[in-house]
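> Sequence:
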Amino acid sequence: MLMSKRSLPQTYVEGEDEAQTLIVTLRDATLGVTLELAYTIYRDRPVITRSARLINHSEQAVDLEKVASMQMDLPTQPLDAISLPGSYARERQLSRERLHRGVTQFESRRGASSHHMNPFVALADPNTNEFQGNVLGALLIYSDNHQVSLERDPIGQTRLTMGINEYNFDWRLAAGDSFQTPEVAMVYSTTGLNGMSQTYHDLLRDRVARSRYKHDLRPILINNWEATYFDFDADKIQSILDAAAPLGIEMFVLDDGWFGHRNDDNSSLGDWFVNRNKLPGGLADISKRTHDKGMRFGLWFEPENISADSDLYRAHPDWVLGVPDRGRTLSRNEYVLDFSQPDVVDNIFEQMTAVLDKVPIDYIKWDMNRNLTEVYSLHSDSAHEGETSHRFILGVYDLMERLTKRYPQILFEGCSGGGGRFDAGLMYYMPQSWPSDNNDPIERLKIQYGTSLVYPISAITAHVGTSPDELLGWSTSMKMRGAVAMSGTLGYELDAAQLSDADKQAVKRQVAFYKQHRELVQYGTFYRLESPFESNTVAWMFVSPDQKEALLFTFVILGAVQPEPHITKLAGLDPQQTYVETDTNKMYGGDELMQLGRYTTPVQTSDFTAQVHYFKAKD
Numbered sequence: 001m002l003m004s005k006r007s008l009p010q011t012y013v014e015g016e017d018e019a020q021t022l023i024v025t026l027r028d029a030t031l032g033v034t035l036e037l038a039y040t041i042y043r044d045r046p047v048i049t050r051s052a053r054l055i056n057h058s059e060q061a062v063d064l065e066k067v068a069s070m071q072m073d074l075p076t077q078p079l080d081a082i083s084l085p086g087s088y089a090r091e092r093q094l095s096r097e098r099l100h101r102g103v104t105q106f107e108s109r110r111g112a113s114s115h116h117m118n119p120f121v122a123l124a125d126p127n128t129n130e131f132q133g134n135v136l137g138a139l140l141i142y143s144d145n146h147q148v149s150l151e152r153d154p155i156g157q158t159r160l161t162m163g164i165n166e167y168n169f170d171w172r173l174a175a176g177d178s179f180q181t182p183e184v185a186m187v188y189s190t191t192g193l194n195g196m197s198q199t200y201h202d203l204l205r206d207r208v209a210r211s212r213y214k215h216d217l218r219p220i221l222i223n224n225w226e227a228t229y230f231d232f233d234a235d236k237i238q239s240i241l242d243a244a245a246p247l248g249i250e251m252f253v254l255d256d257g258w259f260g261h262r263n264d265d266n267s268s269l270g271d272w273f274v275n276r277n278k279l280p281g282g283l284a285d286i287s288k289r290t291h292d293k294g295m296r297f298g299l300w301f302e303p304e305n306i307s308a309d310s311d312l313y314r315a316h317p318d319w320v321l322g323v324p325d326r327g328r329t330l331s332r333n334e335y336v337l338d339f340s341q342p343d344v345v346d347n348i349f350e351q352m353t354a355v356l357d358k359v360p361i362d363y364i365k366w367d368m369n370r371n372l373t374e375v376y377s378l379h380s381d382s383a384h385e386g387e388t389s390h391r392f393i394l395g396v397y398d399l400m401e402r403l404t405k406r407y408p409q410i411l412f413e414g415c416s417g418g419g420g421r422f423d424a425g426l427m428y429y430m431p432q433s434w435p436s437d438n439n440d441p442i443e444r445l446k447i448q449y450g451t452s453l454v455y456p457i458s459a460i461t462a463h464v465g466t467s468p469d470e471l472l473g474w475s476t477s478m479k480m481r482g483a484v485a486m487s488g489t490l491g492y493e494l495d496a497a498q499l500s501d502a503d504k505q506a507v508k509r510q511v512a513f514y515k516q517h518r519e520l521v522q523y524g525t526f527y528r529l530e531s532p533f534e535s536n537t538v539a540w541m542f543v544s545p546d547q548k549e550a551l552l553f554t555f556v557i558l559g560a561v562q563p564e565p566h567i568t569k570l571a572g573l574d575p576q577q578t579y580v581e582t583d584t585n586k587m588y589g590g591d592e593l594m595q596l597g598r599y600t601t602p603v604q605t606s607d608f609t610a611q612v613h614y615f616k617a618k619d
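Everything in the sequence shown is counted per full-length UniProt numbering, starting at 1 for the first residue and increasing by one.
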């Protein structure tokens, strides 16, 4: 496998016979450089990983202006390109388009994998659907600017190229130095998109994520952000704990506002010490209160950004990305720290460890709430400024590596203004991520459906929010919000103390049901059945590895005056097995459920409804 010293996330093996790597060496005698093309082939997975390393053997520097991780030429054939574009609060919206002559390009220039285009593409036969047909997926294991190019020539051949975006990239490769590209994980499926997704789910969960929690049942949490925003104290936190613990919720997460003198978003990022005016007893007091309730304690950080009103900024204004003698752009009332500089990374590491060494903390939510602008380092020279963006993400990876190794007992979750950095690079350090700030369950159907095209369900955190929804103002039932959130790693983003008695009982039932089926949801085989991008009815399901259990979720977005009966065909069951639907005690053959299906839409006229059906093989 590829060398770990390159400081980049990558796939790995747990046994020497699990995969083999072929390295093809190309030499340019004129320039005096060598290009090593690495192909790693897994024995029992339809996976090939690709990357490249350029070595400068000459006695002078070489400017590297573009370097891809992989290139692949496909023979003449019609192809559809499937990608995951989006925007803030509408991340990873599935898009499918026929490839035509010329160049089709997908990219991010935002200093992150971004809300706008995930570093993934699939090339599929036009007749490929969720269950049949050929599809080739390519996923860049990287969290910074990326570029995917699909070039179709006059005779219908297609060239796929993927790697770091050439935009603002210029790497000065000194004599004797080498440059390692990020890795691309390629997956091939002959059983449609579900087959490709299931391979990616297993690969990312088993051979990219490294956390001790990668196979553990993820705790059900409640976060105080939408309950209190910045306006909290120990008594308010206690009221949430008192209400949440009896509902069976397992972890409390203290979000933004606990540090510096932060009472709004205008100050204190970069000052990672407790706000004693707000929390006189400190984090140790909140941690103790939480653990005394039998719950775990989590904490929010935004390590990469800084406020102008902060002790750190006043001491080191030169530690912020920005062009000399020109103004810097505020976004979300914050600047970006220059993580391309080791001194900056070291300072944040020391500040964070000063907190984490002293307070019992079980979980960290790692946020990054803005894109990179003025990507210029005041501590670099003009010959190396084109390296700043890539060096920035290497600094981020370095901090993540050091913290996750030092605190293996902490469950880390990624976040970036919602899902702005939901990628395989982050999953190498953090086994789960927040996919979107949009908790509306109707929008989440598309977000979670699209995300599942590549990323495992255990990595997708999903929370029950308030109703009406804060972003859209739509009103939805607790049942609908719960069913969508239970389709991922469940949590709550609301004030449990303000819930009605009826809603508290509904939450208690949801938590109990999820605990009963949590392993099946988080680690079962996931099947997309009916798409929110194509239908008013949405369906997906989870099947246990032994095919003895199945959990079916169905959703109807809009009701109708004259609703039509709807049949959903299940997948992944044992056709020879008899299954009992536990809430009705009806029995079905596995072949019957998959070939004939079952009615999943009761007669109704209301909008935004959900049904959950559990099937267990008859003894």
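Hints are supplied without guarantee of correctness; some may be wrong.
Said to hold, decoys possible - Here are the in silico distance ranges between beta carbons for each label pair:
1) L35 to R509: 55 to 65 Å
2) A284 to E534: 43 to 53 Å
3) P565 to P246: 36 to 46 Å
4) G597 to G248: 28 to 38 Å
5) P565 to P468: 24 to 34 Å
6) G15 to Y229: 25 to 35 Å
To be verified - Think about it this way: if two alpha-carbon atoms lie no more than 35 Å apart in a straight line, the pair counts; the simulated DSBU-like pairs of lysine-lysine are:
7) K214 to K293
8) K515 to K479
9) K236 to K278
10) K569 to K515
11) K236 to K508
12) K569 to K508
13) K548 to K616
14) K548 to K569
15) K293 to K405
16) K479 to K358
17) K236 to K66
18) K618 to K508
19) K586 to K405
20) K618 to K214
21) K515 to K548
22) K479 to K66
23) K293 to K508
24) K288 to K508
25) K288 to K586
26) K405 to K515
27) K405 to K504
28) K293 to K479
29) K358 to K515
30) K569 to K586
31) K405 to K214
32) K405 to K358
33) K504 to K288
34) K288 to K214
35) K618 to K479
36) K504 to K515
37) K586 to K293
38) K504 to K236
39) K569 to K618
40) K479 to K405
These are calculated hints, taken from the structure and not from any lab test.
Backbone N, C-alpha and C define an ideal beta-carbon position, used for all residues, glycine too.
> Now tell me, hint by hint, if it's right for this structure.
Do the hints match the structure? See the list:
no.: 1; hint: L35 to R509: 55 to 65 Å; result: holds (59 Å)
no.: 2; hint: A284 to E534: 43 to 53 Å; result: holds (52 Å)
no.: 3; hint: P565 to P246: 36 to 46 Å; result: holds (41 Å)
no.: 4; hint: G597 to G248: 28 to 38 Å; result: holds (34 Å)
no.: 5; hint: P565 to P468: 24 to 34 Å; result: holds (31 Å)
no.: 6; hint: G15 to Y229: 25 to 35 Å; result: violated (49 Å)
no.: 7; hint: K214 to K293; result: holds (26 Å)
no.: 8; hint: K515 to K479; result: holds (16 Å)
no.: 9; hint: K236 to K278; result: holds (11 Å)
no.: 10; hint: K569 to K515; result: holds (26 Å)
no.: 11; hint: K236 to K508; result: holds (21 Å)
no.: 12; hint: K569 to K508; result: holds (31 Å)
no.: 13; hint: K548 to K616; result: holds (6 Å)
no.: 14; hint: K548 to K569; result: holds (17 Å)
no.: 15; hint: K293 to K405; result: holds (28 Å)
no.: 16; hint: K479 to K358; result: violated (40 Å)
no.: 17; hint: K236 to K66; result: violated (53 Å)
no.: 18; hint: K618 to K508; result: holds (28 Å)
no.: 19; hint: K586 to K405; result: violated (50 Å)
no.: 20; hint: K618 to K214; result: holds (31 Å)
no.: 21; hint: K515 to K548; result: holds (18 Å)
no.: 22; hint: K479 to K66; result: violated (50 Å)
no.: 23; hint: K293 to K508; result: holds (16 Å)
no.: 24; hint: K288 to K508; result: holds (24 Å)
no.: 25; hint: K288 to K586; result: violated (48 Å)
no.: 26; hint: K405 to K515; result: holds (29 Å)
no.: 27; hint: K405 to K504; result: violated (38 Å)
no.: 28; hint: K293 to K479; result: holds (26 Å)
no.: 29; hint: K358 to K515; result: holds (31 Å)
no.: 30; hint: K569 to K586; result: holds (16 Å)
no.: 31; hint: K405 to K214; result: holds (14 Å)
no.: 32; hint: K405 to K358; result: holds (17 Å)
no.: 33; hint: K504 to K288; result: holds (24 Å)
no.: 34; hint: K288 to K214; result: holds (27 Å)
no.: 35; hint: K618 to K479; result: holds (28 Å)
no.: 36; hint: K504 to K515; result: holds (16 Å)
no.: 37; hint: K586 to K293; result: violated (40 Å)
no.: 38; hint: K504 to K236; result: holds (18 Å)
no.: 39; hint: K569 to K618; result: holds (20 Å)
no.: 40; hint: K479 to K405; result: violated (39 Å)
Checked against the numbered hints above, the structure violates hints 6, 16, 17, 19, 22, 25, 27, 37 and 40; every other hint is satisfied.
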